[in-house]
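Enquirer: Now for the letters of each chain:
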Amino acid sequence: MKWFGFIAVFLCGSLFIYGTVEFPGWGDPLSPTSTHVSPYYIEKTMEDTSVPNIVTAVLADYRGYDTMFETAVIFSAGIACLFLLRQMKRKKTDFRLYRHTATGITFRIEKGGKLPPTAKEFERIDGLWTPYDLIIKTTGRFIIPFIQIFALYVIAHGHHSPGGGFQGGVILGASFVLFAISHDLRSALNRMSEKLTAFFYTLGVYIYAGTGALCILLGANFLDYSALATILFVDPVTARSHGILIVEIGVGIAVMAVMVILYYNLVSAGKFDEGL
Amino acid sequence: MSQHFPAFIIVIPLIAAFFIFTAGWLKRTYCFYIAAVALAISLFSSFGLLLQVLQNKVVVYHFGGWSPPWGIAYRVDYLNGIVLVVSAAIAFLNLIATKKSVEKEFIERVGPFYALYVLFVTGTMGIVVTGDAFNLYVLLEIASLTGYALIGMGTEHAALASLNYVFMGTIGASFYLLGIGYLYIATGSLNMFDIASILPNIFQSNVVLFAFVICLTGLFIKMALFPMHTWLPNAYTYSPSPAISLIAPLTTKVMVYVMIRILLSVFTPSFSFKSMAVNTSFVWLAVIAIVVGSILALSQQSLKRMLSYVMIAEIGYMVGGFWLANRAGITGAILHIINDAAMTLCVFLVAGNILYRVPGDSFDNLKGLFRKMPFSMGAFVVGALSIIGVPPTCGFFSKWYLITGGIAAGHYGFVAALLFSSLVNVVLFFRIFEIGYFEPFGDLHISGSMDEEEKTFDDAPLGMLVPLMIVAAGLIALGIYTDTLVTKVIQFAIPGGIS
Amino acid sequence: METIVSIRPFLAVLVSILAVPLIVSTRRTNFREGWTFFAAFAKFSIIASMTPVILDGVEIEYTIAQVLPSVAIKLKVDAFGMLFALVSSFLWIVTSAYSIGYMRRLKEHSQTRYFCYFALSLSATIGVAFSANLLTLYLFYEMLSFATYPLVTHHQDMEGRSSGRKYLLFIVGSSIGLVLPAMLFIYHMTGTLEFTQQGFIAGIVPPKLIWILVLLFVFGFAKAAVMPFHSWLPAAMVAPTPVSALLHAVAVVKVGVFCILRVLTGVFGTQLLFSSQMDTVVLYLASFTIIAASLVALSQDSLKSRLAYSTIGQLSYIILGAALLSPKGMIGGMMHIAMHAFGKITLFFCAGAIFVATGTKNISQMVGIGKRMPVTLSCFFIGSLSVIGIPPGGGFISKWYLILGTLEADQRFMLFILLSSSLLNAAYFLPIIYKAFFCTPEESLFENKIDEAPPWCLVPLTITAICSIFLFFYPEPFFSLAKIVSVGIFSGQ
Amino acid sequence: MVDLLTIIISKYNYWGYIVLMMIGLYAMIVKKNLVKKIIGMSIFQTAIIFFYVSIGMKKNATIPIISHGHDGGEHAVHAVDFINPLPHVLMLTAIVVSVATLGVALALAIKVYQQYNSLEEDEIDSQIKVK
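Chains as they are written, first to last, in this note's numbering: chain A, 1 to 276; chain B, 277 to 775; chain C, 776 to 1268; chain D, 1269 to 1399.
Note that these hints are calculated values from the structure, not bench results. Treat the numbers as computed from the prediction; the structure is a model and nothing was measured. Honestly, I wouldn't trust all of these hints.
[Claimed, not checked] SDA-like cross-link-like pairs, simulated, lysine to any residue; straight-line CA separation at most 20 Å:
(1) C:Lys941 with B:Ile708
(2) C:Lys882 with C:Arg807
(3) A:Lys44 with A:Ile207
(4) D:Lys1397 with B:Asn440
(5) A:Lys2 with D:Lys1397
Chain A with its partners taken away, still in its complex shape (with noise of 0.2 Å):
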C-alpha cells in the first residue's frame, strides 16, 4: 500500500508539475491574472467604496456574497460540530466533588448529602480537574486583554490595514480559548455561556445577511450597501465604506463564537464538564 501510494502520488506529482510548464513565470506582471480582472479593482476600489484595504473592499463588497457564505461555512461548522458531539443528558454521578476557594482542599459530597452552610466559598470540580497553574492562570489572565483590544483593532481597522473580521474574530476567538487553556473549561463556561456563544455566531451571520436583506428592503439587489445611503445619511460610496463595516463587525463576532464553540465541543468532547 505504501509503494502504491507513493507511486500514484509520484505519478501525480509529475503530471501536474508538467501541467505548469505553460504557466506565466512567479509574478508576472503581464499574466491573464494581472491584467483582467483584478486592475479593475486596484484602480476602482477608491471611488467605488472610498476603501483603501482592496482585499477588504473586495471581500465585504465586490464579492460580498462569497464572503455572507463564507460565514454560512463557519456557521455550519459550528452547528455540525454542535449536532455531532454535544451530549444533552448528561450522565449524574454518584458524587459530586468540591473545592474549598480559599484552603484548596477537595470535598467529596455522596448523593443526596448537603454543602456546608457556606456554599459560596466552594466550587464545584469534576474527577479530572487539576488545580489552577498560578504562573499560568495570572500571565494568562494578563495577555487575555490585551489580545482582544488586538483583535477589535484588526475588525475596526480592517479598512486600512491587513485586517478584517475573519482575522479580527479569530484572535478576538483565541482569547477566550487561552483563557479556557489557562483556568479550565467550566470557569471559561462561566463567563462564556454556550447559549452565549449560540447568540454571538447567530447575531452574527444575522447581522450579514440582515444587512444584504436590508438593502433588498431599500430597494436595490441583495448586499448592494450604496442602497444604505438613505438611512445612514451619507453619500452612496461612503455607505459602502460603512457597510464593508457592519458586516465586517458581524462576521468578526460569528467566527469569534465559532471558534469558541468548536473548542468547547471538540475539547470535551461535547461533555461540556472537564476538558483541558
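Keeping the supplied structure of chain A fixed, place chains B, C and D upon it in accordance with the hints.
Expert: Quick look at chains B, C and D alone, frame taken from chain A:
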C-alpha cells in the same frame, strides 16, 4: 419583488437557518415550521424564476449591484431553472415527509438538525443557481459540510463512513478548486460566462487542458462515479433516514448538473467534445460504472445499501448520456437528473418509512411488509418501476432518450449496459417484493381471514404517507409530461451546436 | 380510412382502473364484487357501443398524452383491436362471476387484492388492444406483466414464488431485453412508432436488420409463448383457476399474440415480410411450437398443465395464420383469437369447477367423474370440440379459414401441420372425456351421485360453452371484424 | 538546459505547492491513523491556498492597500503597483472553509474514537468484522 427571486431562493433559507437555530434553544416545535415556510418560499421563488426563464430565456441577478466579472452574478437559464425547481420541490417534500421521523430520531437535536437541513438546501440550490465558479465552490462546501454532519449522526458505523466521506469529498472539492485556479491563471476571471468568452482563444493551451482534467476528476469524485464511488455506499447506508432522503436525491445529481454546466457553459462543447476518443472513453467509464454498480447491488443484503449501489449505476447513466455528445444523449442526461432525483427521493422516503416501523432495513426485516405497510410499499413499487424503466413512469423516458442517444452515437456498449442494468434492477426490486410479499411463509388458506389482515396493518403515519404519495404520483406525472419538459425547457438548455 | 376522435376508448381502458379504489375501499364482500361486475359491464358496454362504428370501417382515436416528440400515448380502435377487446371484455364478466364462486368456495385469502389486480389486468389488456403505436403497446404490455404477477403468485407459497420468478424472468426479461431495444432502434431509424396498415419501416431499415428485428419481436413478446420462450405458461398455472382461465387462456397470452400480429402487420407490413422471407421463418417457428406443444401436452397428467400446453400450441395457430400472408389465413388467425378464447376458457372453467367440487387436479384421478359432474364434463366436451376444431365447435370456423389460408398461400406443409396438430388435440382431449363418462363402475373413482360445483361456477362455464357453439352458427361480429382487418391489410396487394 | 533552468526558476512556486499537495495526498492515501489522515487533508488544502496566493504575486508591486487613500484619490492608482487582491480574497474564504472542514472532521474523529476506542483504521476494521 419578483426581480429578487434568485436572491430569495438562497437567502431566505439561509436566514431561516439562523432563526431555526435560535428557535432550537427557545421552542423546538417552531423549528419545523420555520423551515417549512422558508423552503416553501424558496420553492415558490424557483417556480417564479422558471416562469421568468420561459419568458426571457435568461435571468441574471447581480449581487451587491456589481456586474460580472467583478461581482458575483446569479444566472438562471433553462438548464438550472428546471433543476432548481426540482431540487426545491424535493427539499420541501422531504421536509414535510420526514417530520415524524426527525422527531423520533433527533428529539433533542431538532434545532441543529433543521438548521443543517436548511443550510444543506441553501448550499445545493446555490450550486445550481450560481454563475460564478468560485462561489460554486463555497456553496459546494456548505452543502458538503452539512451533509457530513447529517450523515455522521446515523446508526452503526455512520461516523466512520462520514469521516471517509469527508476525506473523499474534500479531495473532490479541492480538485475542483484547483481546476478553477488553473482556469483563473489562464483567463484571469472567475465568472463562468466570462471565462467561456475568453477560453476559445487559448483552447490549445496546456493549462486549460489541465484545468479540464482536474475539474472533471474533482467532480467525478463528488458525484461518486466508479471507481471513485467508495465513499457513497457506507455513507448512505448508515446515515439517518430523514437526512438521506434529502442528501441522496440532491448531492450526486447536482454534481452531475455541475459537470454539465461546467462543460457546456464554461469549456463550451467545442472544447469538451472536440475529441471523439475522449468522449468514447468517458462513456466506457460510465458503462463500467453501470455494470459494476448493478452487479454490486445484487450482492447486498440491506435495502439502503442496495439502493446506494443502484444510485452508483444511475450516475453512470447520466455521465454516459452526457458524454455521448449528441442531443438525445444530453437530453437524456438532463432529464435523468430530474427523474432520478425524484425516483431516489421516492425510494429513500420509503426506506425511511420502513425504518420508522421496523428495526432495521436488512432484507430479513422486510418480511411481510406488503401486508403491514401497503401504502408505503405501493409507493415503493412505483419508484422501483421507475428505476427499472417501465412506462409511464418517468424513469422509462429518460432511459428512452439515453438509449436513443446511444444508438445515434453508435455506442452499443452503452445501450447494452442500460438494458443490462434495467434487467438487474428487475431482479433487485422483485427480490424485495418477493420478500415483502411472500415471507413469512405460512398456510394462508387457514390463517388468512379478513380480520387478521386489518390487524397487522401498521403503516407509517399519515404525515409521512401523504408526501410520499405525492412523490409517487409525481413520478408518473413527470413521465407523462416528459415531452412538455423536453420541448419547453430541456431542448433550449443544450447549446445549438450539438446535433 | 375515416377516423373520429372520441374519449370512449380511453374510458374503456380507464373504467377498471377507476374501479380499483372502489374495490379496495369497500369492506363488504358483496359490494366489492358488485363493483367488479359494474366495472365489467361498463367496460363491455363501452366497447360494444363502439362496435357499430368500427364495423362501418371507421377508426376511433384518442391521444392521452404527448410524451416524446413524435410519439404519444395514444389509443386507436380498429377492427383487429375491437375483436380482441370484445372477446376479453365479455369474458371478464363471465370470469368475474366464476371468480366469486371459485374464491368463496375455496375460502381464498386476499380476495380484495385479487379483484383489484384482475381489474388492472383487464385495463392493460384493453389498452394493448387499443394501442395506436408501439410505445403505448409496450406501456400496457408491461402494465399487464406487473399487474398479473400478484395474481400468478396469489397463494404466496414457495411454489408461487418460484413460478412468479419464472414468470417475470421470461415476460419482463424478454420485453426489456428484446422488445425495448428493437423498439428504440426502430424509433431511431424512422422517428415514429405509429402503426399503419402497411407498415412503416420498409425501405428505411436495411434488409439484414429486418431479420433480427422480427425475431426480437416474436421472441420478445414472450406472452405469446413461442417456443423456447414458453415455459412460463405451465409454471403460471399455480395461479387460481379463474386467473388461468381469463389471463392465461385469453388476456395475457392473446395479448402476446396480438402484439406480434400487430407489430408484424403494423410495423413491418406484409409486403416487407414477404420480400424479406421472414414469413417463412415465422411460419416454421410457429409450426414447430404447434407440434411440440401438442406432443408435450399428451404427456401431462395435471389437467391445467395439459390445457397450458394446449394453449401454447393454439397460440401459434394464430401466429401461423398471420404469417401465411394470405387474406384467408389472416381471417382464420383473427377468428382463432375469439374461438380459442371461448373454447379454452370453458375448459379452464371446467378444470376449476372439478377442483372446487372434488379437489382433483390430475387427469388420472378423473376416471368416472362424468357421472358426478355431468354438466361440467359436457361443457368440457363442447370446449374440446371447439379447440380441436370439430363442428359444432366454434373452432372449426377458424381452423377452416386457416386451412383455406394455407392453400391460398400454397403452403402445403403447413396444411399438414395443421391437420396433424388437430389429430393431436383430439388425442389429448378426448380420452379425458371418454374416461370420465364411459368407464365401468369398478374403475370409477367417484360415486354415482350428481354433485356439481356451486352455481356461481357452473353458470359461467355453461354460458361460455353455449357461446362456443353459438359462434359456430353465428360468428358475427367477429367474422366481419376479421374481414375488415384482412381487407385493410391486403387491399394494397 | 537553460530553458529548463528558466522554467524552474520562474515556476518554482508552483512546484512547491505541488510537493506540498502530494505530501497531503500521500498521507491521506497511505496513513492508517485517522488523525494523520486529517492532518494530510489539512496539508492538502493548505497547498491549494498557497497556490492561489502565489498566483496573486506581481513583481515590483506592493500589498494591495492604497496607502495614500486618505488623500481623497488625488494620486492616480496604477494596477501594476499593487499585487492582485483577488486570490487573497478567495483564499480568506478557502481558509475558512478548510478550518470548518477540519472542525467537522475532528468532531467526527472524536465520535469514531468514542465508538471504537481507536483511531487506527486496521483496528476499527477488525472490530467491524468481528461484529
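Enquirer: Taking the hints in turn, state whether each one holds.
Expert: Right, here's what the structure says about each hint:
no.	hint	in the structure
1	C:Lys941 with B:Ile708	16 Å, holds
2	C:Lys882 with C:Arg807	16 Å, holds
3	A:Lys44 with A:Ile207	27 Å, violated
4	D:Lys1397 with B:Asn440	17 Å, holds
5	A:Lys2 with D:Lys1397	23 Å, violated
Checked against the numbered hints above, the structure violates hints 3 and 5; every other hint is satisfied.
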